[in-house]
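Just so you know, the protein sequences line up as chains H and V, in that order.
Numbering follows our numbering, in which position 1020 of the first sequence is assigned residue number 1020; successive positions increment by one, without gaps.
Add 1218 to the 1-based position in the second sequence for our numbering, that's all there is to it.
In short, the hints are calculated from the structure, not lab data.
Computed from a prediction, not measured in an experiment: that's the story for all the values here.
Just a sample of chain H residues kept apart from chain V, beta carbon distances all over 10 Å, derived: (1) D150; (2) N214; (3) A439; (4) P558; (5) V607; (6) Q1080.
To be clear about the criterion: a stretch of chain H counts as covered by chain V if any three or more of its residues have a C-beta under 8 Å from a C-beta of chain V, and this derived list gives those stretches: (7) 69–76; (8) 90–97.
Only pairs whose alpha carbons sit at most 20 Å apart, straight line, appear in this in silico EDC-like list of lysine to aspartate or glutamate: (9) K159/H <-> E1360/V; (10) K34/H <-> E1244/V; (11) K87/H <-> E1369/V; (12) K1231/V <-> E30/H; (13) K997/H <-> E1099/H; (14) K34/H <-> E1243/V; (15) K332/H <-> D1278/V; (16) K352/H <-> E1262/V; (17) K16/H <-> D1332/V; (18) K87/H <-> E1366/V; (19) K800/H <-> D1278/V; (20) K87/H <-> E1360/V; (21) K800/H <-> D1296/V; (22) K29/H <-> E1324/V; (23) K1231/V <-> D20/H; (24) K352/H <-> D1261/V; (25) K1083/H <-> E1099/H; (26) K1333/V <-> D20/H.
All residues carry an ideal CB built from backbone N, CA and C; glycine is no exception.
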Amino acid sequence: MALKMVKGSIDRMFDKNLQDLVRGIRNHKEDEAKYISQCIDEIKQELKQDNIAVKANAVCKLTYLQMLGYDISWAAFNIIEVMSASKFTFKRIGYLAASQCFHEGTDVIMLTTNQIRKDLSSPNQYDTGVALTGLSCFVTPDLARDLANDIMTLMSHTKPYIRKKAVLIMYKVFLKYPESLRPAFPRLKEKLEDPDPGVQSAAVNVICELARRNPKNYLSLAPLFFKLMTSSTNNWVLIKIIKLFGALTPLEPRLGKKLIEPLTNLIHSTSAMSLLYECVNTVIAVLISLSSGMPNHSASIQLCVQKLRILIEDSDQNLKYLGLLAMSKILKTHPKSVQSHKDLILQCLDDKDESIRLRALDLLYGMVSKKNLMEIVKKLMIHVDKAEGTTYRDELLTKIIDICSQSNYQYITNFEWYISILVELTRLEGTRHGHLIAAQMLDVAIRVKAIRKFAVSQMAMLLDNAHLIASNTQRNGICEVLYAAAWICGEFSEHLEEANQTLEAMLRPKVTTLPGHIQAVYVQNMVKLYASILQQKEQAGEKEAAQEITQLMIERLPQFVQSADLEVQERASCILQLIKYIQKLQVKEVPVAEEVIALFAGELNPVAPKAQKKVPVPEGLDLDAWINEPPSDSESEDEKPKTIFHDEEQRHSKPRHPEMDEEELARRREARKQEQANNPFYIKSSPSPQKRYQDTPGVEHIPVVQIDLSVPLKVPGMPMSDQYVKLEEERRHKQKLEKDKKKKKQKKEKRGKHHRHNSLHTESEEDIAPAHHVDIITEEMPENALPSDEDDKDPNDPYKALDIDLDKPLADSEKLPVQRHRNAEALKMPESEVPPVEKKSKKPKKKEKKHKEKEKDKGKKKEKEKKVVEEEEEEKKEEDLDFWLSTAPPPGSAAQPQSGPQTSAAVASEPEGVKKEEREEQQEEEEEDEGKKSSKHKKKKHKKEKEEKSKDKKKSKKKHHHSEEEMAESVQNGTLDDEPLPPMSSYRLLAENPYIKTTYDIQGNLQNDSQVTVSVIFENKSTSFLKSMELNVLDSLNTKMLRPEGSSVHDGIPVPFQLPPGISNEAQFVFTLQSIVMAQKLKGTLSFIVKNDEGSTHEKLDFKLHFSCASYLITTPCYSDAFAKLLESGDLHMSSIKVDGISISFQHLLAKICFHHHFSVVERVDSCASMYSRSIQGHHVCLLVKKGENSVSIDGKCSDPTLLSNLLDEMKETLSKC
Amino acid sequence: MINAILVFNNHGKPRLVRFYRHLAEEAQQQILRDTFHMVLRRDEHVCNFLECGSLFGSPDCKLIYRHYATLYFVFCVDSSESELGILDLIQVFVETLDKCFENVCELDLIFHMDKVHYILQEVVIGGMVLETNMNEIVAQAEAQSKLEKAEVSGSVWGLERGAQVWAQGRLGSGYHAGASVLWGGGRRELVALRVSQPAHPQGKAHRVGAPHWGVQGAASMQVLLCCQG
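If we strip away everything but chain H, and leave its shape as in the complex, we get (with noise of 0.2 Å):
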C-alpha cells in the first residue's frame, strides 16, 4: 500500500527506469520532445548521484534517447563510471552506451584504458567479452596502440569465445594503429588453424578484410586457404575464403588455373545458393584474370552462364537479382556469352522489381554494340514511356545517355539519330535530367561537327517550341535543355537557315519567365545570332533588313534589362548599348558586320575535365615563394603607394567607359590575340580560327541523308528517331550486300585466310560503318601534360596504411608496445627492457620458457637468431607457394652451371660470377647461404644481371664498395658500437708493372666442395690499349686451373675483355682444389699485347697466386645453442695464438677477421667473442677471441688440427699488421 502510495506521489523518480521510459515516450505522443527534454533533466540529477545502480539505470537509459537521435556525448564521463562498475550488469550498460557514442573525438576516451585493460585481463569471460565488444565500435589510435598487446594476448586466451571475438577486434586494431599488423601476424595465421571452428571462421573474416584491401600481401597464404577450402564444411568460411580467392586470383594466374577444378565441383555438388553463388562469382574473377581464351575455360564460362541463366530464371526475385549481378562480371571479358542471353534481361526490364530492372539495364550498358545499340535504345524508349515512377524513369534516361555517349559515342553511327532521341527525350515531363541532356547536346554538337547543321536546325525546333517546354509546372527539370539549345543556335549560327525566326523565338516575352542561367544564355546568344544575321543581310546589300533587325533587338532587349537576375540584367545592358551604337553606325551607313562578328571569333573547343590539373608548373617557378619579399611590421601604410594607386585609378577610369571606339576594341582584340598565341597555356583553335568561322566548315561532311527539315517537333505516330531506325537498316542492308559481294570476290581470291578471319568476326560491330564520317573532337589537353594517374587515388584511405609485406621478416623493432611499470633497474640493464613480442607470437610457451633461462644480456642474441629463423621459415613459405602453385617439379637442383664442362673460358669464368654475385646477394639479404635452395628464375636473373655488369666499365670500382658494405654489414652483424670502420678490402695485390696492375681475391665455392673462385682486377695504367690478354697458371697436384675442355695444362686462358687506357674490369677464374688444410702458391703469367700509336707489342707478367687458408672459409652464421653443442662435441681439435701490441679497437678487430678471414660473429660479451666459420669441405671453425690490454689472444676449435694452425699463424699476420 505505502509502495502503491510512494509509486504515485514521488514523481517516480528513482523508478523511472529503461521500461518507464519508453512507456512514458509512448504516452506524450503530442508533446515528446518536451517530455524528452523533461526526461533528461532527471537524468542529469540521477547521473549526479553516487549510487552507481542508479548511474546505470540512467546510461541505460540515454542508450535509448540516443537510438532517437538525441545527442548524448555529454554524459560521457558518466558513461566510463558506469563502464568501470565492478559488476557485470553495469558495465555491459556502460560499454553499450560507450560503443553507441564514442568516437576518436571523444575527448574522455583515454580515459578507458586502464579500464578496458583491466577488463580484458578480467577472470570472468564476460567481463573481458563486453570490453571487447565495446571497443572494436570505439576504438581510437591511441587506445589501439596501448591495447594492441593485450588483445593479441587474449587471442591466444583458452576460452573460444574470448578467442574469437580478440582475433575480430583485431582488424579494427589493426585499421587504427597500422603498425600492429605485422607483429600480430603470425599468431593471427595460427588462428586459421584454431581448433574451434568459430575462431577460424574468424580468422578466415579478418584475414579476408585485410586482403581485399591489399591483397598482394596474402598471396603466400594461398595454399594454407585452398587446404581450408578443401577441407571446410562451414559455409560461412567456405563463402569469405571463396570470396578471398576471387580477389587473388588477379595477381596469380597460375593459383586460378589451381582453383578451377575444386570450385566447378563445388558448383555441381553444393545445395546452399550462396555457395553456389559465390563460386560463379570467383570462378568469373578466375576466368578474367586467364585472359587469354583457353579452350577448356570456354566449358567453364558456359557452365557460369548457364547456372546464372537458371538464377535469373528462379521465381526467387533475390537470385534473379544476383544472377544479373553477376553476370554484368561476365560481361566485361565474355560479352558473347552474356550477349546470347539478351531476351532474358530485356524481359528483366518489365519485372516489378525497380532492383531487377536497374540491374537488367547495367547489363544493357555492356551489351550494346554498333548493331544493336538503336534497337536497345528504342525498346528502352518505350520503357520510358510506360515507367510509372519518376525515378525510374529518370534512371532509364541516364541510361540511354549513359549507354549511348559510353567510350567517347563509340557505338553510335549515326549522329542525326542520337540528337533526334535527345529532342525526343525532351518531351518527359517532370524529369529531373534536363541538364544531363542539355550536355549532351552541347558536347554531341561541340565534337561532333558534322552534326551541327543537323543540330542547330533541331535546337531552332526546340526554341521555337519553347512554350511547349517551359509551360511545364516542374521548371527546374527540363527547361535546361533550352539552355543548350540557345547555345547551339547561337555559336553555330552559321548554320541556321531561319535565323531571324529563331531570333524572333528567343526574344519572345515568355522567356523572361525562364530561370535566370537560362535567360543569360538567351542573351548572350542573340547578339551572336544577331551578328550573323547582321553579316549576311550586309552581304546580300539588304540594308534596311539589317536596319530592321537592329531595331527589333533593341526594342525587345529592354525586356532582359529589366530582369531581376543580375547576370541578365548585365548582359542585356551592356549588349542594348551595344546595338544601339551599332544602329547609329547603320544610320551612318557604315558596314559593322565585320566587327560584330569578330566579337565571336574563334572556335570553342572542349577542355578536358583534368587539363588543368595536368598542366604542369614551369621550370623554376615556386608556388610558395613571396613574390615580394613579405611586408614587415613596422613598414605599415606608407604614403607613396597609396598615392601611385590613386593616380592610376584616375587615368583609367576614362579609357574603360563603354564608348569606346571600334579602332581601339579592334586594336585591343588584336594585342589579346597575340597574347593569347603566345601563351601556351591558352587553349588555341585549330589554324586560323577567323577564316574557319565564317568558311562553314566541313561542307563536304554533311550528312548524307537527307532530312526533311520541315519536320515539325512532334510529328503525330511515329517518333523521328524510328525513321533512323528503319533508315538504318535500310543502309546496313545496302551494305551487307555490297560487302557480300566483295566478299564472294575476296573469297575467290585468297579463301584460306579471309575464311578464319571471317568466322571469327561474323557480323562483328566492325563491320558496320557509320554513316557519315564522324570527328569526334577528343577532349584537350595542355602541352605536355603530366602523365600521371594518381588523380583517383584518395590520399586519406584508411586501408592504405594496412598495404603492409606480411612476408618480410619481424624487425627487432617491430614489436607492440607493452606496458610496463617505470622503474630504477630498467634504466640499469636497457636490455631487460626490450621482452621480444614478437617471440611470444611465434610459439608462445615453448620460447618463453626458454626465455626466461637465458640471461638478460643474452636476449639482444636471441632475437637475432629468432630473426635468422623466421627468415628461413619465410624464404620457404615463399618457396612453398612457388611450389604449390606450378604443376612442374621443384627447381631445387637443377641447374648448377658448374656441373656441366664449360667449353670456353669466357664460358668458364661467367657462371662463376654468377654464382659469386648470388652468393653475396645472399649474404647481404638473407645471411644465411644455402644457395641450393635457389630456384632456377633466380638464377637467370643473376644471369643477366651479370650480362649487364661485365659490360660495365666501372665494375672493379663498385665491387670494392661492394665488398666493403659487405664487410659493414657483417660487422653490424657482430658488434654493437657504431665506431667507423676504416675502409677494406679484401683484394690483394697480384703483380704490378707499368702497363698493368692486377688485384685478386679468392672465394670459396659455395655449390662446390672443392672449387674456389678466384677474382682478377685488371687495371690498365698505361696509355696504350691492352689486348689479348692471357692468363696461364702453373698447376700443382692439388690445385689446377679449370680450363675448357680439350685444352692442355699448359694453354692460358684468354682474359675475355679488352682494356683501354684507364680502365679496369674484372675477370673470374676457377681453381680446383683436392686438399685445403694447407696454403698453397701458384706461379702463373699474365701475357697480353699492348698497343700504342707506335705499335704493338707483346708483353708478359708474372705473378704468384697466394691461396691462404682463409679464402676457402666461408662466412656462414651460427646460432649460439648451435656453436655450443659444436664445442661440446669434442670432436674438435684446438689450438691457440696470443698477438702482443694490439692497439685498434676490439671491434675493429673483429671486423678484420670477419673480412679478411670470413668469419662471423657469434656472440660477444664485452671484450670476449666467438665467432664461426666453415671450410668448403665442410670443417667447422671456431673461434674464442680475447683481448687484454694490449694483447689479444685466439683460441681456435678445428676438425682438422692442420687447417686450425694454418689458419691461426694467418690470423696472427695479420693482427701483426696492427
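Start from chain H and add chain V according to the hints.
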C-alpha cells in the same frame, strides 16, 4: 564489413540502431529516414537487396533487408559480404530473438532495446560476423542474462532499490532517497541510505539520512534514522 544494422517498424520508428562507424546523431537519423523511405517503397515480393548509392559514402554499399510483420531488419553491408549469407544471418538473428524473448514481437524490442543489443553483440561485433550458429548465440546470451540475474537478485541492485522504496514509503512525499551498498556479502549487507528533502521550507537540501543500515535478508529491514538538525 557490415556498416550498420537498423531495425525499424512500418512507420519508420527506430527499434535498434547500430552503426559500426561513427556518425553524428543527425546523420544517423538521416540515414535511418532515407533507408526507411527506400525500403518502404518496395513491394512485398521483390528482392531483398537495394543499392543505396552514396548513403554511406562508399560506392559498393548495399542494403540487405527482411520484413517481418511490423518490423524491418536492415543490414547495410559492403561488397565483402555475401548477399545471401547476410540474408541468412538476418534470419538467424531474428530466430535468436524469438528464442530469447519467447515469441518475439515488436513490443519486446520496444521495451528491451538493451537486451536486443546484447543479443546482437553475440552475432556481430565491430561490423564483422562473430557467430552464425544460433544455439551458440542463445547459449552465450542466456549465460550473460543469468549472470545479470544473479547479480541483481543476489540483491545488491534489488536491495538498493528496496531500500529506496522503503525509505520513501517511510518518509512520505517530498523526500528523495538514495541508497548504496557499502558492504555486501552473503546474507548480511550494509547499505548507506541518504535521504534529502529538496522541498524543504528553507530551500536547503538537508540530509536526514542515516549512514548505517544493517539488513538481515531482504525481507526484514531495520533502519536507524537520526535527523541532522
